[in-house]
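Protein chains in written order, with our numbering: chain A, 2 to 369; chain B, 2 to 369.
Hints may contain errors.
Interface residues of chain A toward chain B, partial, derived using beta-carbon atoms under 7 Å [unchecked claim]:
| hint | residue |
| --- | --- |
| 1 | Ala61 |
| 2 | Ile62 |
| 3 | Ser64 |
| 4 | Asn86 |
| 5 | Ser93 |
| 6 | Gln336 |
| 7 | His338 |
Bear in mind the hints are in silico, worked out from the structure with no lab data behind them. Where is the CB? At the ideal position from N, CA and C, for every residue including glycine.
This is what each chain is made of:
Number of protein chains: 2
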Amino acid sequence: MNKVGIVSYGINKFSRDDSKIDSILLKSTKKLFDNCPNLSRTDIDTVLVSTNNNSKYLSAILSEMAGIQPKLAHTIESLCNSGTNAIVSAYSYIASGLSDVVLVSGAERYDSPGQILEWDNSRGEFKHPIFWASIFAKSYKREFTITEEDLAIVSVKNHKQAQNNPNALSEKAYSLDDVLNSKKLTDDLRLLNCSRPCTGGASILLASEDFCSKFTDEPIWITGIGQKTISAGFTKNTSDYMESTRLAASSALKMSNRTPSDIDVAEIHDAFSICEPMALESLGLAENGKGMNMIKELYYQNNFKINPRGGLIGSGHPLGATGVAQSIEIVEQLQAHANKRQVDNAKIGLVHNMSAAATSSTVLILEK
Amino acid sequence: MNKVGIVSYGINKFSRDDSKIDSILLKSTKKLFDNCPNLSRTDIDTVLVSTNNNSKYLSAILSEMAGIQPKLAHTIESLCNSGTNAIVSAYSYIASGLSDVVLVSGAERYDSPGQILEWDNSRGEFKHPIFWASIFAKSYKREFTITEEDLAIVSVKNHKQAQNNPNALSEKAYSLDDVLNSKKLTDDLRLLNCSRPCTGGASILLASEDFCSKFTDEPIWITGIGQKTISAGFTKNTSDYMESTRLAASSALKMSNRTPSDIDVAEIHDAFSICEPMALESLGLAENGKGMNMIKELYYQNNFKINPRGGLIGSGHPLGATGVAQSIEIVEQLQAHANKRQVDNAKIGLVHNMSAAATSSTVLILEK
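So here's chain A without its partners, still in its complex pose (with noise of 0.2 Å):
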């Protein structure tokens, strides 16, 4: 099988402007190319897009605006995680041997027709994921303590972490008691436990290991890659709340031979504030019930090995395009090309993007 490396990105500012799904596209792309001076043209020879926008065609628009005449090109889409799904679609297709190097580009405007759950009419009138994140929140404080202020520090650490990430969406950090004064959504969350959608477009070249080499010095290699999809209805769900994380951390962890104690720095899906806790254990990264103490240890220490990019919250999530933006920030911290949110000696890095309540789940091990 051919070994697969990440060997250039492009990545636009996350806003909320009005800008349309293949200008998106084609602006990410456009920085990728300039990120790589030896990339021409006709070297990509497949054009994946991630994106939960409406519009057809996308790949074969992005292509002809981009002035690429790819082999393979389609649009990939699994709500909140279309981006790591289009990322390991572009791994089986050098794996396979049907491509040699894949142009993923992920874009989501602020008014995506996936972030309200339609489908689901087991919840009624409660189709805004801050429904489900709230039940979370509930469960897991049957189980373990949480504290409306442990769940603020999610989102004081991480709205603080996005001021060092020129991408962010975020462009003021906030105290807690900005947090705990922000409105009241529901029992458990507040409007600044929430991530925000957002307009925004991420892209990354993914090549065989033969290919890396004329594009750069530095490949980021995929070891690990574990997905799982356990329901598309929330209450189909387990009790097992993050069921789909932990199976797919632990495939992925196997295929790369690692262990959670290897990992030097990890983005994960803190769609909610709720979520980094809860994640972080189903993760294997903090045992069950210590999610919260790892988060504060981390943030009294100001170590910002978990979300350094300031996860969905800071950054902003524009869905198709967050997992692409996750993988982004992993390559750039292994590549110590991170600036100021640079995690020391950071060699294995992990990504975690998921969808609609957990589930479905995607991990990734990247190596340098």
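Knowing the structure of chain A, use the given hints to seat chain B on it.
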């Protein structure tokens, strides 16, 4: 690299009914299970949905409804050739070793948003696909002779062949006069020269060589894959109108180590009657300018090796399901299970699926 075989399938009767997209997906998936007694829900580790429908998260929804908890699950869209893109993606998941058994389910409703080419401003008002087909006809007529009667024969042939396909939309044969007197839609094309969008679903199961024998004694192997995207906008296409088909066929035949004369049976993307002779020539099955001669010769000999199920004109064209349905037809032919449609001694088959004025094409070679 793992060999990849097709081991089961299920298909719904194409219709104009108002079923919901998830019901269409489930219906053909259920038939696929019925056709494969040894298949259990836990065997399937990847679920790919092919559709242009705007609903999100359909792979997870189908998985939940079918009782499957896959590792990988996402939707794939590339307009009319979404189905073959999904099959190629399934192939790559297996060949790369990420999956062993992949369910691909294609579905569309008669009111699919993929029917109108919204993005292409160069078309002005002319966004319905019939306008590019009409330009194809004009262009073809500049180089070669093709009469209205010739084009009518394509439709008569495909509607006739569809009468032996229990899943076809078309429920009657038409005479030459019927076609020639049908409503004139453009200078070059009449109503009965067109395939009709419809409601339809088709599912196919792929497995790695090691797993094939669990499910069937007669797997059909995917031996050749070719794909090409030239552009998205029609006016960016070259005067070599079916260049993407020509290049895709060349790659697929090379990969399978076959020549056009080896092909015993073929599914051709006849979205409009003019497409069939043009595609036969681009695929290398007929010499340039001789596609119509080939069609007439086969028709008068009652040889239905081209589009035995009636093509898109006879079967109907549920966009995301079409490429899957075409592949199922070739599987049935190679397994000698095609009943009244059976082509004698069919050992090597070809699937041709394309999108949006042949701006992109997929060609698959299947073998016993």
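**Request:** Tell me if isoleucine 62 of chain A is really an interface residue toward chain B, meaning its C-beta lies closer than 7 Å to one of theirs.
**Result:** At about 4 Å, which falls below the 7 Å cut-off, the nearest Cβ of chain B leaves the hint on isoleucine 62 of chain A intact, so it holds.
**Prompt:** Per the CB criterion, is glutamine 336 of chain A less than 7 Å away from chain B?
**Reply:** At 25 Å from the nearest chain B Cβ, glutamine 336 of chain A fails the 7 Å test, so the hint is violated.
**Asked** With a cut-off of 7 Å, does the beta carbon of alanine 61 of chain A approach a beta carbon of chain B closely enough for the hint to hold?
**Response** holds, 4 Å
**Message:** histidine 338 of chain A was flagged as interface toward chain B. Is the shortest Cβ-Cβ separation under 7 Å?
**Reply:** violated, 29 Å
**Item:** serine 64 of chain A as chain B interface residue, shortest Cβ-Cβ below 7 Å
**Value:** holds, 5 Å
**Prompt:** Can asparagine 86 of chain A be said to touch chain B, with a Cβ gap under 7 Å?
**Reply:** For asparagine 86 of chain A, the interface hint holds, since the closest Cβ of chain B sits about 4 Å away, which is under 7 Å.
**Message:** Quick check on serine 93 of chain A please, does its C-beta sit within 7 Å of some C-beta on chain B?
**Reply:** With a closest approach of 4 Å, the serine 93 of chain A hint holds.
In terms of the numbered hints stated before, the structure departs from hints 6 and 7, listed from lowest to highest.
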